[in-house]
Amino acid sequence: MTLSFAIIAALIIAAATAAMTLRNLVHSALAVAIAFAGLASAYLQLGAQFVGLTQILVYVGAVAILIVFAVLLTRGGEAPEKSVFSASWFWGAAIATSVFALLACAINHSFASKRALPPQPSATVEQIGQDLMTKFVLPLEVIGLLLTAALIGAVIIAMRDESPKSKIEDGGSKMDKTSGPSSILHPPSSSGGHQ
Amino acid sequence: MPDLDQIFVNLKHWLLGQLEGILSASWLELVSILLSLVPILIVFPTLFAIMTIMERKGLGRIQNRYGPNRVGPFGFLQPAADGIKALIKEDLVPRAADKVVHLLAPVILVVTAFTVYAVLPIGRNMVVLDLDAGLLFFFAVGAASDLAVFMAGWAIRNKYALLGAMRAVAQMVSYEIPLILSSVAVVMITGTLSLPEIVMAQSTHFGFLPDWFVFTPWGFAGFLLFMIAANAEANRSPFDLPEGESEIIAGYFIEYSGFKFALFFLAEYLSLFAICGLGITLFLGGWNAPFAGLEFIPSWAWFFLKLITLMCLFIWTRGTLPRLRQDQLMNLAWKFMIPMVLINLVAAALWHFTGPGFMRWLTSGALLIVAHLFLGNPQFERKDIGKRTYRFAE
Amino acid sequence: MTPLAGYLLLSAFLFAIGLAGALTRRNAIIVLIGIELMLNAANLNFIAFWRYGANPEALTGIMFVIFAIAVAAAEAAVGLALIIAIYRHYKTTNVDEMNSLKG
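Protein chains in written order, with this note's numbering: chain A, 75 to 269; chain B, 3 to 396; chain C, 283 to 385.
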């Protein structure tokens, strides 16, 4: 067990470090997809089958592709000319190191380092389904609402600014363009001001 | 007369029994895993070779020509010739390409295509991994192949290949939703995600008809939706715009040659077999025989018979229907299939909650037919043809 | 070092890596990737405590992680939509250059 844990841990840490330090954005996105897959295998090792497979389905199958699409839509495919780290990189690294040191101290001094091993608990899909429908039904419904709101919100935010008046058949009067998202919520005013 | 049905299972147990005295426990486990995996690695690529020649000859006959008929009797040794050609062709890597990603993309695609076979029940007691969440495993690993398709298109730094890859990824991601939701109806009725148990739930008989889910209204609609989504997931005609052979020649794998191209081809057909295998497991009763009298044919033979029938159906569709444009494809997914699949869930729930009898056929079937009439026809007929408007790129 | 301590240290290290990336990189998308890594580190913590902790039959750890994965996916979608909208305005994804509130 410890050998497989060491391999998975090394994979996750190497992939995460590569994701944060590579210059090429698409390489960085692919490295973080590897990190997600490594984490999914860690979940499978811990016996949480449903969560591990959901992690692959959602993160590797959807979030990684989303990140890649965003990279390509914002011209991230070309190599950056200056350094990829911002000017104040030292303080960021210092903060991250101190956070890790604090957490490591806390873990070492806690009961976690001395506890005995309990046997493997079981989390069958049936138990998860039962709990989702009885104990956790309110969070389930709220998550449905949240995902709907996120879907509609993401579409509205990323929609291109355009109005029917900018089409050529009207004679080309593009002066009083109203912006796309706000024209859904408020009808265009006659003054034609911005925002 | 040995039990043909369990012949492979008994063979494996006999082999393990022979080796028990010789090897230690962990080596024995390794040999057991290898004995389960190696048949998959042999059988399905052989099926792939048979399928390529069947497809080319079938398409040829549909298009009123012979297929390949030079190599071997009636052209049936063509896969061997194709294999030799793929192996000895020069492996071109464009100078500006990203070498690591260029190499990894076909490898990851083939690995994910093979991994999903681990949960498919091919015969009675013949499943490599009886996972508690087997169906979720199938869809998770299938979703991971989308990233490999993108990697393939991006690695060769060719803007047309990238365009093809983006179209392919958009198509695969859009059609994943009807694929997964149409199988959720089956999960709802059987109450389990484990594939061998779903097959066992379809082994009873209702009169003389088997209890397969395809013979129920929601199951029939679900099966049709699943098959359309499977067609789109595997980038096959009429959804093969990303690899449109008459337009962008090979789309996202245009710059791959030799063995890597063969790997792409292999991965595409293997994932098609896997999705068809899943469709058979969920809707067509898996390895069950249709009538009790035909039980003497072994269960794995029934699985492969059904698989080959579905393959012929796919080849027929490819030869007959014209290709869909990208926006028509996306419209079909988001505006027709997703509402239909959600209504299918409601129809399955109606079926379950009205008790057994004639009423449930009526309510379920009526709901699905009405939904299809409302969603299907008005969407896709042309309304008035108005004045032409121009939209320039800005 | 017990297995639980091992997993907790791994998740703390992953969190620190995500935090370092989110604080030091220039590109807004890499900052978002760092945030996703931090969320994943927290999820690993939950599953480790579910496995080795006090009351695994309640399935609390697994439930939390399922909802956290859903929320993180929604947040990634909205965040990337925001970055695309901002890119359309500033023509760059460099966080150091997005420093004015006036349009």
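What the hints contain is simulated information worked out from the structure, not anything from laboratory work. Keep in mind the model is a prediction, meaning the values are calculated, not measured. Glycine included, each C-beta is placed from N, C-alpha and C at the ideal position. Among these hints, one or two may not hold up.
Some chain B residues flagged as far from chain A (calculated, every beta-carbon gap over 10 Å) [unchecked claim]: (1) 29; (2) 152; (3) 194.
In silico DSS-like pairs for lysine-lysine, Cα to Cα no more than 30 Å straight-line [to be verified]: (4) 59(B) with 156(A); (5) 156(A) with 373(C); (6) 161(B) with 384(C).
Structure-based check of each hint:
1. 29: 17 Å, holds
2. 152: 6 Å, violated
3. 194: The claim breaks: residue 194(B) does not keep its Cβ more than 10 Å from every Cβ of chain A (closest is about 7 Å).
4. 59(B) with 156(A): Roughly 57 Å separates the two Cα atoms, so the pair is violated.
5. 156(A) with 373(C): Within the cut-off at roughly 17 Å; holds.
6. 161(B) with 384(C): Violated. Residue 161(B) to residue 384(C) sits at ~36 Å, over the 30 Å cutoff.
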